[in-house]
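*Asks:* Sequence:
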Amino acid sequence: QLVKIQLLSLINIKECPELVKLLEDGEELQDLLSLPPEDILLRWINYHMAKQGNPRRAKNFTSDLKDGEIYTFLLNSITPELAECDKDALM
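Each residue of the sequence shown is one higher than the one before, starting from 1159 at the first, in the numbering used here.
Since the hints were made in silico from the structure, they are not lab data. All C-beta atoms in this analysis are idealised placements derived from N, C-alpha and C, irrespective of residue type, glycine included. Careful, some of the hints might be misleading.
Claimed, not checked - 35 Å max Cα-Cα, derived DSBU-like pairs, lysine-lysine:
#1 K1172 to K1224
#2 K1162 to K1172
#3 K1179 to K1162
What the hints assert, rightly or not - Simulated restraints on C-beta separations:
#4 L1193 to T1220: 12 to 20 Å
#5 K1224 to V1178: 29 to 37 Å
#6 L1191 to F1219: 15 to 23 Å
#7 T1237 to G1184: 29 to 37 Å
#8 S1167 to T1220: 16 to 24 Å
Can you build the whole structure from these sequences, using the hints too?
*Replies:* And the structure:
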């Protein structure tokens, strides 16, 4: 639990200026930053899912992530140079 608190405290515009990519249409940066860190992290995951062309979206950190598919697409999106993170294994 302490690790989670520490990691989630790093989700801010100073540490992660790329958060502006997560803004939805008509949304202001302050609206995004007022969300709980867990919601911002879910939005970040879903941003990468969309970037990969995957229609699946995470709504929670339990059942939506337990099969590993979202993790695989996420890792492929943020580290495409890693051959070990091959989406073909999911097919």
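*Asks:* Now, for every hint given, state plainly whether the structure supports it.
*Replies:* Hints versus structure:
Simply put, K1172 and K1224 have alpha-carbon atoms about 31 Å apart, close enough for the 35 Å limit, and the pair holds. With a C-alpha separation of about 19 Å, the suggested pair K1162 and K1172 falls inside the 35 Å cut-off, and the hint holds. For the hint linking K1179 to K1162, the alpha-carbon distance of about 23 Å falls within 35 Å, and the restraint holds. Between L1193 and T1220 the Cβ separation comes to about 19 Å, which falls inside the hinted range of 12 to 20 Å.
K1224 and V1178 have their C-beta atoms about 30 Å apart, which keeps the hinted 29 to 37 Å range intact. Under the hint 15 to 23 Å, the C-beta atoms of L1191 and F1219, about 20 Å apart, fit the expected range. The beta-carbon spacing between T1237 and G1184, approximately 32 Å, falls within the hinted interval of 29 to 37 Å. Remark: the range hint 16 to 24 Å for S1167 to T1220 is upheld by a beta-carbon distance near 21 Å.
In summary, the structure agrees with every hint in the numbered list given earlier.
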